[in-house]
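K.L.:
Residues per chain are reported as follows:
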Amino acid sequence: MRISAGSTPEVRPFGPLRGGAADAARSLVASARLAWAIEGNWAQPVYLAAFLIVRPLAFLGLFLAVLSIGGSLDVATIGFVVVGQAVFQIVSAALEGPTHALLDDRERYRTIRYIFATPSSLLPVSIGRSLVKASIAGFSALIVIGAGVLLGVPMRAGGPDLLLLVVVLPLGLLSVVGLGIVLGGICVQLRNDAWSYPEAVSSTVFLLCGAIFPLEVLPDPVQGISAALPITWWIEGLRRALLGTTSPGILGAMPTNELLLILAAGTAVIWLISPRLFVAGINRAREKGQLDRNTAS
Amino acid sequence: MSGSTSPAAVQATGIGRVFDAKGGPVTALDGIDLRIEPGELFGVLGPNGAGKSTLIKILSTLLLPSTGSASIFGLDVVTETARVRRIMNLVAGGDFSGYGLLTVREQLAMFAQFYGLPYREGMAKVDAQIASFGIEEIRDRKISALSTGQRQKLNFARSFLNDPWILFLDEPTIGLDVSAARDVRDRVRAFQAEQPGRTVLLTTHYMAEADEMCDRIAIVDHGRILAQGTPTELKRMVQKDALFVVGIDALPASMSLDSLRALPGVISVAARDADGSDASGVGSPMRRLAIGLKEDGALGGVISALAAGGAHLQEISKSEPTLEEVFVQLVGRGISESDEASNGE
Numbered sequence: 265m266r267i268s269a270g271s272t273p274e275v276r277p278f279g280p281l282r283g284g285a286a287d288a289a290r291s292l293v294a295s296a297r298l299a300w301a302i303e304g305n306w307a308q309p310v311y312l313a314a315f316l317i318v319r320p321l322a323f324l325g326l327f328l329a330v331l332s333i334g335g336s337l338d339v340a341t342i343g344f345v346v347v348g349q350a351v352f353q354i355v356s357a358a359l360e361g362p363t364h365a366l367l368d369d370r371e372r373y374r375t376i377r378y379i380f381a382t383p384s385s386l387l388p389v390s391i392g393r394s395l396v397k398a399s400i401a402g403f404s405a406l407i408v409i410g411a412g413v414l415l416g417v418p419m420r421a422g423g424p425d426l427l428l429l430v431v432v433l434p435l436g437l438l439s440v441v442g443l444g445i446v447l448g449g450i451c452v453q454l455r456n457d458a459w460s461y462p463e464a465v466s467s468t469v470f471l472l473c474g475a476i477f478p479l480e481v482l483p484d485p486v487q488g489i490s491a492a493l494p495i496t497w498w499i500e501g502l503r504r505a506l507l508g509t510t511s512p513g514i515l516g517a518m519p520t521n522e523l524l525l526i527l528a529a530g531t532a533v534i535w536l537i538s539p540r541l542f543v544a545g546i547n548r549a550r551e552k553g554q555l556d557r558n559t560a561s
Numbered sequence: 268m269s270g271s272t273s274p275a276a277v278q279a280t281g282i283g284r285v286f287d288a289k290g291g292p293v294t295a296l297d298g299i300d301l302r303i304e305p306g307e308l309f310g311v312l313g314p315n316g317a318g319k320s321t322l323i324k325i326l327s328t329l330l331l332p333s334t335g336s337a338s339i340f341g342l343d344v345v346t347e348t349a350r351v352r353r354i355m356n357l358v359a360g361g362d363f364s365g366y367g368l369l370t371v372r373e374q375l376a377m378f379a380q381f382y383g384l385p386y387r388e389g390m391a392k393v394d395a396q397i398a399s400f401g402i403e404e405i406r407d408r409k410i411s412a413l414s415t416g417q418r419q420k421l422n423f424a425r426s427f428l429n430d431p432w433i434l435f436l437d438e439p440t441i442g443l444d445v446s447a448a449r450d451v452r453d454r455v456r457a458f459q460a461e462q463p464g465r466t467v468l469l470t471t472h473y474m475a476e477a478d479e480m481c482d483r484i485a486i487v488d489h490g491r492i493l494a495q496g497t498p499t500e501l502k503r504m505v506q507k508d509a510l511f512v513v514g515i516d517a518l519p520a521s522m523s524l525d526s527l528r529a530l531p532g533v534i535s536v537a538a539r540d541a542d543g544s545d546a547s548g549v550g551s552p553m554r555r556l557a558i559g560l561k562e563d564g565a566l567g568g569v570i571s572a573l574a575a576g577g578a579h580l581q582e583i584s585k586s587e588p589t590l591e592e593v594f595v596q597l598v599g600r601g602i603s604e605s606d607e608a609s610n611g612e
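In order, the protein sequences belong to chains U and Y.
Per my numbering: the first sequence = residues 265 to 561.
Per my numbering: the second sequence = residues 268 to 612.
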C-alpha cells in the first residue's frame with residue numbers, strides 16, 4: 265500500500281488483514297519455539313539430567329524420608345506424595361514461566377521492547393513460553409511417577425484412566441498457566457527482584473493444594489483457600505486417573521463428576537479474569553516506564 | 268497544530284512525561300509539540316538525558332505520556348496501539364538485545380511471526396532482508412557470536428520486516444565504527460528512497476549525523492524543544508546574516524575596510540589572516556576578508572568594488588555556523604559538556 269499524507273492504515277502495509285486469533289496462534293508457536301531453544305540449551309547434558317531427573321527425585325526422597333520419620337510411610341501414602349510431587353513439577357514451571365519469560369526478555373535478552381512494539385500481544389508470547397517450560401517439566405513428572413512405580417506404588421488396574429486424564433490434564437494445565445500469567449502481569453511492574461516472587465507463590469500453593477499431605481492437616485480457614493484452588497482438584501483428578509484411588513478426607517469425598525465441574529469452572533473463571541489482569545499489569549508497567557527498563561544494571 | 272488536514276506522520280501536542288524517582292518526580296518531557304510530515308527524516312538532537320529516548324518510547328507505544336497526546340499517521344499512540352504497531356518499527360542503538368542462542372535467521376523468523384506474517388511470506392521477507400543487508404555469511408551464526416555492527420545490521424533487518432511506514436531510530440549509530448555507521452545511514456536513506464512517504468524519526472547527539480541526514484531537526488534539552496527547523500534554518504538562528512569569506516591577494520591601497528562597509532547591503536567587514544585571526548592596519552597585506560551581508564545578492568557589489576580597486580580574487584566561500592554552534596547558543600553549553608554533566612548526575 266502506498267503511503268501518503270491522506271492515507272490511513274486501514275489495511276496492513278504488507279497485505280490483507282489477518283485475524284487476531286491467527287496472529288495470536290503464530291506468536292504463541294514462535295514463542296514456544298524460542299522457549300524450546302532456550303530451555304533445551306544446556307551446555308552439558310549432565311546439568312540437564314541433574315535439573316530434570318535428580319532434582320525432583322531428591323525432593324521426592326526428602327518428603328518420603330520426612331514421612332517415614334512419622335511412621336506413616338505406606339504405599340498409599342507414597343502414591344499420594346508421588347503424584348502430588350510429580351504434578352507440582354508442572355505447576356511450578358507453569359506458574360513461574362510467564363514471569364521468567366517477561367523478566368528474561370527485559371533484563372537478560374533486552375528484547376521486550378521489540379516484542380512489545382509488534383502487533384503481537386505479550387499474552388500469547390508469555391503463554392507459549394510457559395507451556396514449553398511446563399512440557400519440559402512434564403518429563404520430570406514422568407520420572408517421579410516412574411520412581412513411584414519402582415517403589416511399589418500400585419497404579420490403577422488396567423492402566424491410567426485415559427478419558428479422565430485427557431479431560432483433567434489440559435484443564436489443570438490451563439488453570440495453572442492462567443494463574444502464571446496473572447503473576448507475570450504483576451511481576452513485570454516490579455524491579456529485578458521480582459524473579460523470586462513466583463517461586464514464593466509456587467511454594468505457598470504447594471503447601472495449600474494437597475500435593476504432599478491431605479487438606480485436613482491445614483487449619484479450617486486455610487482449607488477453604490485450598491478448596492478454591494483449581495490446582496487442588498487437578499492433582500486429585502490426576503491421582504484418580506493414575507492410581508485409581510481417591511485421597512483421604514474432603515478431596516476423596518468429592519465425586520469425580522463434581523470434581524471435574526469444579527476444575528472446569530475454576531479454569532473458566534481464571535481465564536475470564538487472568539488475561540484482563542495480565543493486560544492491566546502490562547499497561548501499568550507501560551505507564552510506570554518499567555516495561556523495557558533494565559533494572560538489573 | 269498546522270493548518271494541514273491530512274494526518275501527519277507524527278503529531279504530538281503537549282507531550283509531557285514525569286517519572287517517579289527516589290529523590291522526587293523527574294520531568295523527562297515537558298510539553299513537546301511536534302509535527303512531522305510523511306516522508307520526512309526528522310532528527311531530535313540533544314544531550315544524554317534530554318528526553319530523546321523518552322519521546323521515542325512514547326511515540327512507539329512503549330511508554331504512556333503523563334500529559335498531552337500523540338498520533339502516528341492519525342492513530343493515537345495511547346488508544347490505538349495495535350494499529351500503530353502495524354505501521355511502525357523501532358531500532359535502538361548501543362544495546363545488546365537478542366537471543367544469543369538463536370541464529371540470525373531464526374531470530375528474524377521469530378519476529379516475522381510476531382509481525383503477523385504467515386510463515387512462508389515471513390521467511391521470504393527474512394531471506395530478502397538478509398540479502399539486502401549483505402549478511403548471508405552470518406545467517407546461521409548464533410547472535411551471541413555477532414559483533415556490535417553485525418547486531419545492529421540484524422536489528423535493522425528486523426525493523427524492515429513489517430515494511431513500516433515510520434521508523435523510530437534511537438541513537439542508531441552509537442557504538443558503531445565509522446564504516447558501520449555509514450552503512451546504517453545509507454540503509455536509512457535507501458529505506459526512504461524505496462517508497463515515498465516513509466518517515467524516519469532519528470534521535471542522536473552526533474551533530475554531523477543530524478546535519479547530514481535530517482530534513483528537519485528539533486533541539487531538545489531538559490525535556491523541551493528549544494528550536495526546530497531545517498539545519499539551514501537553525502543555523503540562521505545564530506547567524507541571521509549571510510557571511511562570506513573572500514580571499515584576495517591584497518587590499519588595494521585606494522580602499523579601506525570602512526569603504527567596503529559603506530557598500531550597499533554590507534553589514535560588516537573584518538580582515539582575517541590566513542590562519543583566521545584578525546589582521547589590523549589598512550593597506551597591510553591580507554588574504555581574507557570576512558564580509559557580513561544582509562543578503563547573498565549584495566556580494567556582487569563587494570566583488571565589483573574590489574575588482575575595480577585592482578584586487579585579485581582568489582577564493583569565495585560562504586561561511587555557515589555549525590549545528591554545534593547552534594546547540595551552544597540554545598543550550599548554553601556544548602553537547603559533550605552536557606553529556607558529561609548528565610553522566611555525572
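By construction, these hints were calculated from the structure, which means they are not laboratory data.
Since this is a predicted model, take the numbers as computed values, not measurements.
Each hint should be verified, as a subset may be incorrect.
With a straight-line Cα cutoff of 35 Å, these simulated DSBU-like cross-link-like pairs (lysine-lysine) come out [to be verified]:
1. Lys-507/Y x Lys-561/Y
2. Lys-409/Y x Lys-502/Y
3. Lys-502/Y x Lys-585/Y
4. Lys-507/Y x Lys-552/U
5. Lys-507/Y x Lys-409/Y
6. Lys-552/U x Lys-289/Y
K.L.:
If a hint holds in the structure, say so; if it does not, say that too.
P.N.:
Okay, the hints, checked on the actual structure:
no.	hint	in the structure
1	Lys-507/Y x Lys-561/Y	holds (8 Å)
2	Lys-409/Y x Lys-502/Y	violated (46 Å)
3	Lys-502/Y x Lys-585/Y	holds (13 Å)
4	Lys-507/Y x Lys-552/U	violated (43 Å)
5	Lys-507/Y x Lys-409/Y	violated (54 Å)
6	Lys-552/U x Lys-289/Y	holds (14 Å)
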